[in-house]
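Asker: Here are the chains, one letter per residue:
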Amino acid sequence: MAAGGDYESTFRSEYPRLVALGVMMSGSVDVGHDLAQETMARAYDRWDQVGDYEHLGGWLRRVLKNLVIDRYRRAKREAATLDRLDRHEVSEDDPDVAQWSRLVETLPPRQRVVITLFYGDDLSVAEIASVLEMAEGTVKSALFKARQRLSVDLASEVADG
Amino acid sequence: MDDNELRALAHRVRDRVEGGVDLDTDLDRAITGSKRDRGRNRRWVGIGGVAAGLVVAVAAVSLVTRGGGDDVLRSSEPAPVEESTPDTDMSTASSVFDETSPILDVPGPTTAPVATSTECQGVSSGGDFDTGGFGTILAAPDASSLTVSITSQARGGCPLDEVDVVIDVTNTGNEVVAFASELGVLLSAGPTKWPVGAPEEMKLAPSESRSQTVSILIPDGVAPGTYTLLVAGYEASTPFVVYESTATVDAVDTSPRDLFETMAPTEGAPAVLGEIPDGYRPVYAYSDVTPAASTPPSWSATLVQNPDDDVPIKPYLIVQIEDLGDADPYLGFPGLVDTPEVTFGAFTGRLAEIAPGHPTFVVLLDDSRRLMIGGRTNEADLAALADGLTVETASVVGEIATVPDGYEIVDEGPTNGRGEMTQWNVGYAREQLMASLLTVRATLNPQTAAANRLLGPMPTDVVDINGYTGYLGSGRVVFDVTPNYQIELTREDDFTESSIISDEELLQLARTIAPINEDELDEIRSTAANNPLTPTDNPCVFYIRTSDPVATPQVTQRADGVWTTTTPGTFTMDISTTQPMDTVTIGITSPNSSDIIALAVLEDLDDTQTVQVTWDGIANGETAQPGDYDVSIKATPADTNAQSCTGDTATSESTGSTSIAFQVT
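Those protein sequence lines, which keep their order, are chains P and W.
Mapping the first sequence onto my numbering, position 80 (from 1) lands on 80, and the numbers just tick up by one.
Mapping the second sequence onto my numbering, position 13 (from 1) lands on 13, and the numbers just tick up by one.
Calculated from the structure, these hints are not laboratory results.
Note that the structure is a prediction, hence the values are computed from the model and not measured.
Incorrect hints may have been included.
Stated by the list, open to error - Each pair of labels, with its calculated beta carbon distance range:
{"no.": "1", "chain 1": "P", "residue 1": "D48", "chain 2": "W", "residue 2": "L331", "range": "31 to 41 Å"}
{"no.": "2", "chain 1": "P", "residue 1": "E54", "chain 2": "W", "residue 2": "D15", "range": "26 to 36 Å"}
{"no.": "3", "chain 1": "W", "residue 1": "T390", "chain 2": "P", "residue 2": "E54", "range": "27 to 37 Å"}
{"no.": "4", "chain 1": "P", "residue 1": "D48", "chain 2": "W", "residue 2": "G332", "range": "56 to 66 Å"}
{"no.": "5", "chain 1": "W", "residue 1": "L336", "chain 2": "P", "residue 2": "P95", "range": "33 to 43 Å"}
{"no.": "6", "chain 1": "P", "residue 1": "P95", "chain 2": "W", "residue 2": "E504", "range": "21 to 31 Å"}
Claimed, not checked - Derived coverage of chain W by chain P (criterion: at least 3 residues anywhere in the stretch with Cβ under 8 Å from a Cβ of chain P; other residues may be distant):
{"no.": "7", "stretch": "3-12"}
{"no.": "8", "stretch": "379-387"}
{"no.": "9", "stretch": "401-408"}
Positions of the beta carbon are idealized from the N, C-alpha and C atoms, including for glycine.
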């Protein structure tokens with residue numbers, strides 16, 4: 001995760017990963033792009049404050065996570081959007097993207113976020129806990145549960161992450 | 001699919017998406033989007049907000065009122081719902097703050113979409129926190145030989161800004177003194193907020209002067225407003241407060257719905273309010289402080305099965321480790337010592353059934369420590385949890401290495417040693433219907449985590465409150481914003497009927513919660529005093545009023561204005577009504593339940609009558625538990641014709657009421 005610098009260089013280094021994480025968290029290519037855009041727009045708006053953050057990458061991921069959960073909540077209230085979110089509308093010529101979307105659509109938003117950061121961003125449990133400002137035990141629990149829903153072999157210890 | 005396959009799939013998806021990003025186009029879009037969206041979602045909503053169907057009872061909302069310019073929107077005025085551009089507000093803020101000194105202005109919008117660096121830079125105009133603006137609120141001990149002053153070159157900042165403050169300390173005595181300072185922000189009449197980390201200790205020789213620079217990080221999400229700086233010094237091990245600014249919070253952005261989705265209520269904005277149902281009005285508002293509990297050491301963890309599912313409460317487990325000292329090791333489990341022992345994991349103990357389907361595994365770890373694992377569960381899950389549990393030697397701390405299938409830890413940590421608890425309460429009701437009463441309560445340093453408040457044999461649902469895990473049951477919904485900040489919404493029952501507020505309405509309100517500050521709480525208090533709830537349980541604006549209480553033993557007044565006397569005791573008071581009543585029942589309510597004990601009945605009440613109410617502190621044949629028991633009144637109107645409720649007589653007097661309570665010690 002990058003530290004601060006000028007906005008454009010940060011954008012170029014962080015944005016592609018944010019898009020990927022947004023897609024993986026939301027299960028939608030379009031929504032993932034929107035979320036990453038919004039995240040970077042917010043960073044731009046307050047660049048004087050966040051630009052020098054030592055852990056700017058963590059801040060960006062936290063904003064992204066909040067946007068995902070916000071969007072999920074709104075989606076639950078708005079049937080049309082719900083359809084958009086919950087019916088993996090991946091463009092989704094890509095079979096891997098489609099498969100991932102089908103998997104995560106069964107998960108509640110916080111589990112989507114955690115499992116995406118763990119598998120897609122290769123963050124450790126401790127790093128996820130730091131990024132999301134959650135207790136490590138909570139992250140472990142979310143991972144356990146997500147993996148259980150996804151029928152992932154639990155023999156691989158989360159704590160090793 | 002195993003773990004490696006899932007990781008490989010994730011990497012393929014990640015790489016493919018990253019590879020398809022058009023960086024140049026999206027960079028332009030991000031920058032353009034940020035400008036386009038600036039100011040979105042920013043609304044000012046004032047008391048008696050005019051949004052159709054909604055009354056959002058909050059107070060001063062225009063940023064910055066210090067200095068009292070005519071253009072400042074006062075909290076007592078209805079505030080229009082309008083779009084407001086941050087730039088306009090910022091310029092007002094700057095000009096006002098230039099004339100004041102010992103304040104920390106947080107001018108920036110509270111959420112990222114509306115905060116811009118330009119706006120914030122414009123306000124950080126410099127200036128000193130000179131000590132002339134500070135007053136000593138609690139003198140250092142007589143033995144203190146220190147003098148302390150505080151200066152800073154900044155007086156304002158945006159959320160996430162750091163403001164440096166220099167603390168100069170001089171030892172004027174003849175001995176070496178250890179001193180550590182901690183700088184925070186004080187809200188008026190509230191506890192310290194925004195602690196800036198562990199204090200750094202310095203030792204000063206006689207006549208030595210030292211400086212310490214402390215940075216305040218203005219928290220992300222803090223509301224715009226004016227905050228008071230507080231410096232607390234710790235000389236040796238004796239804490240004492242040195243200086244407090246005289247400034248207080250002036251204003252806060254209270255845009256309720258949009259804000260909460262991106263800005264949780266924080267300890268910087270203690271009280272909370274939501275979208276109150278149409279027709280409701282504030283009927284009380286107060287804050288109170290409960291001293292720190294001196295409970296023995298304990299630790300607990302709460303696990304809920306599938307907490308993210310929006311379905312009724314499922315199995316849960318609570319693990320508790322406590323040090324009972326010399327108390328009965330089977331305290332609370334009579335007869336358990338005579339039951340057979342069972343072994344789960346590394347623990348051997350006994351099984352109790354506190355309610356059908358609620359087993360508890362009780363283990364005596366040694367002479368004083370006890371482990372309990374229980375909940376709405378079964379023995380298999382108890383055993384599974386015990387299997388993954390370790391307990392630290394000679395302490396009450398546990399570690400859950402693995403959780404039973406399907407469970408998730410929702411709360412974990414020490415349950416004792418919590419500090420002073422502060423609560424902000426706002427009550428709402430419709431007409432004079434006790435059954436319509438809604439209470440919104442924010443608690444700083446709650447004694448019990450939300451997860452443990454409502455889990456028990458009674459039905460409880462786990463619900464989502466805008467991303468927070470809430471617990472709904474027994475007429476209330478509770479959720480933790482942070483481990484030290486809890487919000488609770490409660491509906492009340494009246495004498496004989498259930499609340500007219502549904503669970504769904506309670507949840508809807510909870511999902512619209514937004515923070516308010518002490519000033520706004522004061523405004524609500526004033527509004528409530530003008531039209532209090534003196535329940536007649538009729539849909540009328542008339543009321544029964546109690547006044548002029550005297551008592552034996554002598555009455556005292558609590559901080560929230562309620563008059564109390566101890567039991568056994570007798571209240572003598574006047575009860576007046578704005579229209580004839582057929583029957584008036586006077587009783588008490590328990591602090592922990594809605595049970596009513598009738599103490600006196602008036603066959604009729606035409607206007608005003610002096611009554612005596614005596615209570616010996618006995619409830620249901622037993623001495624009542626210690627606590628305050630509010631006196632409640634239920635009345636039946638003589639004329640039940642709905643028209644009788646709406647005459648001039650009924651509405652001409654609408655101020656003042658006296659609340660009283662018996663105190664069982």
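Asker: Now, for every hint given, state plainly whether the structure supports it.
Answerer: Hints versus structure:
At roughly 58 Å, the beta carbons of D48/P and L331/W sit outside the given window of 31 to 41 Å. Taking the beta carbon of each, E54/P and D15/W are about 27 Å apart, inside 26 to 36 Å as hinted. For T390/W paired with E54/P, a C-beta distance near 35 Å keeps the hint of 27 to 37 Å intact. Checked against the hint of 56 to 66 Å, the C-beta distance between D48/P and G332/W comes to roughly 57 Å, which is consistent with it.
Checked against the given bound of 33 to 43 Å, the beta carbons of L336/W and P95/P, roughly 59 Å apart, lie outside it. At about 42 Å, the CB distance of P95/P to E504/W disagrees with the hint of 21 to 31 Å. For the stretch 3-12 of chain W, the assignment as covered by chain P holds, since 8 residues bring a beta-carbon within under 8 Å of that chain's beta-carbons and 3 suffice. Under a criterion of three residues with beta carbons nearer than 8 Å to beta carbons of chain P, the stated coverage of the stretch 379-387 of chain W fails, only 0 such residues being counted.
Chain P is given as covering the stretch 401-408 of chain W, and this holds because 5 residues of the stretch bring a CB closer than 8 Å to a CB of that chain, at least three being needed.
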